[in-house]
Amino acid sequence: QSFINMNGRFRSPRYDIRTVANGTFVQDQAKKEEDPTDNGQEIEANSLYFDIKDSQLGMSGRFGRQSGNSGGIFGRFDGGLVGYDFNKALRFNAAYGYTVDFQHKGTVQTNLPFYSTSVTLGPFLKHLDVTPYYFSQDIDGINNRTSAGLESRWGHPKWNIFSLFDYEANYQEVNIFMLNALYRLSD
Numbered sequence: 003q004s005f006i007n008m009n010g011r012f013r014s015p016r017y018d019i020r021t022v023a024n025g026t027f028v029q030d031q032a033k034k035e036e037d038p039t040d041n042g043q044e045i046e047a048n049s050l051y052f053d054i055k056d057s058q059l060g061m062s063g064r065f066g067r068q069s070g071n072s073g074g075i076f077g078r079f080d081g082g083l084v085g086y087d088f089n090k091a092l093r094f095n096a097a098y099g100y101t102v103d104f105q106h107k108g109t110v111q112t113n114l115p116f117y118s119t120s121v122t123l124g125p126f127l128k129h130l131d132v133t134p135y136y137f138s139q140d141i142d143g144i145n146n147r148t149s150a151g152l153e154s155r156w157g158h159p160k161w162n163i164f165s166l167f168d169y170e171a172n173y174q175e176v177n178i179f180m181l182n183a184l185y186r187l188s189d
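Just so you know, this note's numbering puts 27 at position 25 of the sequence shown, and the rest follows in order with no gaps.
These are calculated hints, taken from the structure and not from any lab test. Any given hint might turn out to be false.
What the hints assert, rightly or not - Simulated restraints, written as ranges between beta carbons of each label pair:
1) Tyr136 / Thr112: 16 to 26 Å
2) Tyr86 / Val176: 45 to 55 Å
3) Leu92 / Glu35: 53 to 63 Å
4) Thr21 / Leu184: 48 to 58 Å
5) Thr39 / Tyr185: 54 to 64 Å
6) Lys160 / Ser4: 35 to 45 Å
To be verified - Using 20 Å as the maximum straight-line C-alpha spacing, the simulated EDC-like pairs for lysine to aspartate or glutamate come out as follows:
7) Lys107 / Asp87
8) Lys107 / Glu44
9) Lys128 / Asp87
10) Lys160 / Asp131
11) Lys34 / Glu46
12) Lys55 / Asp30
13) Lys55 / Asp18
14) Lys107 / Asp30
15) Lys90 / Glu44
16) Lys34 / Asp18
17) Lys107 / Asp18
18) Lys33 / Glu46
19) Lys90 / Asp131
20) Lys33 / Asp18
21) Lys160 / Asp87
Since this is a predicted model, take the numbers as computed values, not measurements. Cβ atoms here follow ideal geometry from the backbone N, Cα and C, with glycine treated the same way.
With these hints in hand, go ahead and build the complete structure from the sequences.
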């Protein structure tokens, strides 16, 4: 088994551009001997994306295989995530892609499309950001998950709080309620 982790970065006063490639290569000789049609090779791309931020226009985009952790996206996906800063206290985000099925990590699963929209508001009271979102995902053309949620972050030099509320509309139930707090004891 071999691992690869490559990062490239270009920064200027206006642009911040990154490329990331992170994955594994496995050569399974036993699998090759069992089935002559199987070469025993597996390539798994954990992350493979291009990321660009334009500070002058207030725009950003990330395209490729990436992990989501906001806007109702929980986990790895193949697709794009774009954002636009209307001003310092208002940011619009949108994503479209395909959820990565862990049994078939080597391919893009086009039968698992999703989209997400969110708006980040803040900071309020110098430390609070809130992000309401809408998320929808299909599996083989049938809606699997439709949710609306709210993320909030309180970032302070001494303590941080993160909360997440995710409501699943199809089942009319709370899918996730989470509260995470961190307090710094000393400098």
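Does Lys107 pair with Asp18 here, judged by a C-alpha cut-off of 20 Å?
-> Since the Cα atoms of Lys107 and Asp18 sit roughly 29 Å apart, the hinted pair is violated (cutoff 20 Å).
For the pair supplied as a hint, Lys160 and Asp131, confirm whether the alpha-carbon distance does not exceed 20 Å.
-> holds, 17 Å
Lys128 and Asp87: Cα distance at most 20 Å?
-> holds, 18 Å
Given the hint that Lys90 pairs with Glu44, test it: the Cα-Cα distance must not exceed 20 Å.
-> violated, 45 Å
May I ask you to test the hint 54 to 64 Å on the CB atoms belonging to Thr39 and Tyr185?
-> The hinted range 54 to 64 Å holds for Thr39 and Tyr185, with Cβ atoms some 58 Å apart.
Do the alpha carbons of Lys33 and Glu46 lie within 20 Å of each other, as the hint requires?
-> Holds, because 17 Å separates the two Cα atoms, which is no more than 20 Å.
Kindly confirm whether 16 to 26 Å is satisfied by the beta carbon distance between Tyr136 and Thr112.
-> 22 Å Cβ-Cβ, so the 16 to 26 Å window holds.
Is the straight-line distance between the alpha-carbon of Lys34 and that of Asp18 20 Å or less?
-> violated, 44 Å
Pairwise hint evaluation, Asp18 against Lys55, where the allowed Cα distance is 20 Å at most = holds, 5 Å
Distance restraint hint 48 to 58 Å, applied to the beta-carbon atoms of Thr21 and Leu184 | Taking Cβ atoms as reference, Thr21 and Leu184 lie about 31 Å apart, which means the hint is violated.
45 to 55 Å as the expected CB spacing between Val176 and Tyr86, which holds or is violated | This hint is violated: roughly 30 Å between Cβ atoms.
Within 20 Å, alpha carbon to alpha carbon, are Lys33 and Asp18?
-> It is violated: about 43 Å lies between the C-alpha atoms, which goes past 20 Å.
Comparing the model with each earlier hint shows violations of hints 2, 4, 7, 12, 15, 16, 17, 20 and 21; every other hint is respected.
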